[in-house]
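Visitor: Keeping their order, the protein sequence lines are chains Y and A.
Taking numbering that gives the first Met the number 0, the leading residue of the first sequence gets 0, the next gets one more, and so forth.
Taking numbering that gives the first Met the number 0, the leading residue of the second sequence gets 0, the next gets one more, and so forth.
Careful: at least some of the hints might be erroneous.
Said to hold, decoys possible - Coverage of chain A stretches by chain Y, computed from C-beta distances (three or more under 8 Å per stretch; other residues unrestricted):
{"id": "1", "stretch": "64 to 75"}
{"id": "2", "stretch": "80 to 93"}
To be verified - Dumping the calculated DSS-like pairs for lysine-lysine here, alpha-carbon to alpha-carbon at most 27 Å:
{"id": "3", "chain 1": "A", "residue 1": "K219", "chain 2": "A", "residue 2": "K38"}
{"id": "4", "chain 1": "A", "residue 1": "K28", "chain 2": "A", "residue 2": "K117"}
{"id": "5", "chain 1": "A", "residue 1": "K234", "chain 2": "A", "residue 2": "K117"}
{"id": "6", "chain 1": "A", "residue 1": "K219", "chain 2": "Y", "residue 2": "K73"}
{"id": "7", "chain 1": "A", "residue 1": "K142", "chain 2": "A", "residue 2": "K168"}
{"id": "8", "chain 1": "A", "residue 1": "K64", "chain 2": "Y", "residue 2": "K183"}
{"id": "9", "chain 1": "Y", "residue 1": "K183", "chain 2": "Y", "residue 2": "K28"}
{"id": "10", "chain 1": "Y", "residue 1": "K28", "chain 2": "Y", "residue 2": "K124"}
{"id": "11", "chain 1": "A", "residue 1": "K236", "chain 2": "A", "residue 2": "K142"}
{"id": "12", "chain 1": "A", "residue 1": "K228", "chain 2": "A", "residue 2": "K245"}
{"id": "13", "chain 1": "A", "residue 1": "K109", "chain 2": "A", "residue 2": "K165"}
{"id": "14", "chain 1": "A", "residue 1": "K176", "chain 2": "A", "residue 2": "K117"}
{"id": "15", "chain 1": "Y", "residue 1": "K73", "chain 2": "A", "residue 2": "K168"}
{"id": "16", "chain 1": "A", "residue 1": "K64", "chain 2": "Y", "residue 2": "K36"}
{"id": "17", "chain 1": "A", "residue 1": "K234", "chain 2": "A", "residue 2": "K176"}
{"id": "18", "chain 1": "A", "residue 1": "K28", "chain 2": "A", "residue 2": "K156"}
{"id": "19", "chain 1": "A", "residue 1": "K142", "chain 2": "Y", "residue 2": "K61"}
{"id": "20", "chain 1": "A", "residue 1": "K109", "chain 2": "Y", "residue 2": "K61"}
{"id": "21", "chain 1": "A", "residue 1": "K219", "chain 2": "A", "residue 2": "K245"}
{"id": "22", "chain 1": "A", "residue 1": "K165", "chain 2": "Y", "residue 2": "K61"}
{"id": "23", "chain 1": "A", "residue 1": "K245", "chain 2": "A", "residue 2": "K142"}
Note that these hints are calculated values from the structure, not bench results.
Glycine included, each C-beta is placed from N, C-alpha and C at the ideal position.
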Amino acid sequence: MDSIFGISGRDFVLLAADTSQARSIVVLKTDEDKIMKLDDHKLFAMAGENGDRTAFCEYIQKNLHLYYYRNDLKLSTRAAANYTRKELAEALRSDPYNVNLLLAGYDEEEGASLYFIDYLSSMSKVPFGAHGYAGFFLSGLLDRYWQKDMDREQVLALADRCINELRTRLLVAGNNFTIKIVDKDGIQVVKAASS
Amino acid sequence: MARYDRAITVFSPDGHLFQVEYALEAVNKGTTAIAIRGKDILVLGVERKSVAKLQDNRTVRKIAKLDDKITLAFAGLTADARVLINRARIEAQSYRLTVEDAPSVEHMAKYIAGIQQKYTQSGGVRPFGISTLIVGFDHNEPKLFSTDPSGTYAEWKALAVGRNSKQVKEFLETNYKAEAVESQDAAVKLAVKSLLEVVEASKNIEVAIVRNNQPLTFLKDEELEALVKTIEEEKEKEKQEAESNK
């Protein structure tokens, strides 16, 4: 079960995802990168059924690029989130994607924003969020310790806290997590999947 | 329901596809576009059509980005170009989605040419009235391809399409040499020089430059004007030398 969570700070958003890929009792790989770059200022943390996860997110990524080439304009984070939600909603009652997502992005006007999108295509702009089993353990933790406008060190410390909690308490948690941050300067990989 | 299945493009008794030839005529009515392949640079130059007084002076872009590293310029019916460019952009993303790799310039040229050919062999449709110039770098090598209404595509070292293209092509055939386009500046100069053969003023020219692994850049107005001035001064000097040698 994938664990992903996101925390927003002042003018940036952090996304973290575990890096293990497992089938039943077998661990297939431990360096899977579940945070995909949508464009220079958007990140997708993806959780869910393996094929759907990558196929759906690559599909969204390519459509965002197509929009950019057609209109010479990058979509805002809000627009990208709504577009993603629309695609999930349209597929829901025929051929649903089993993916849960956290979309983090930075725009000039809005600043940094984080969107929580689940497999039933519900969507919400949130200050922090987590999907899957991680949500059970981290919702309370983030509620307690998140504050508005935290700076980078504080958010990284909070992320570490979350990861430790998962390592301690979640039976199926991966040991390794990948962490990426998006801000006005683009995307920064704090911890790569392969390390 | 009226029948839309009858072909419009059919062979003439002497083996011509007149609709395709008429489409080529339409291309030759469009404003000029040229492309030059240098050693490590590609230069696109287009004639800017003068806009009507009341029209927004925003440039009617005859140079379009198809993909991250592939650019297209065209001559002919702008609306037809819009449709083809859109299809090409979708194909580029579809290719990336399928093989997780950027499409090559040849692939895009082949694809666009394929569409243009289809429209010469389908019922109820007419050929696209545009010829395209497609440029980009494949494996760090600069490539220039062209397509035309018949659906043929070919690779070129330099090419002109549209109004007065014959004149520009002749100029290029005389003046294009490997040494002449060795440096990036020389290639840009040759492009502007060949356009100036058929376009009057620098304000009617737009030049785009494609360098390896770099985004598309447009030559700024000041740089272009300076270049045109240099070219015209050189032309004057050559003329004077020719006169004095007589």
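Visitor: Taking the earlier hints as the rules, which of them does this structure contradict?
Guide: 5, 9, 10, 11, 14, 15, 21, 22 and 23
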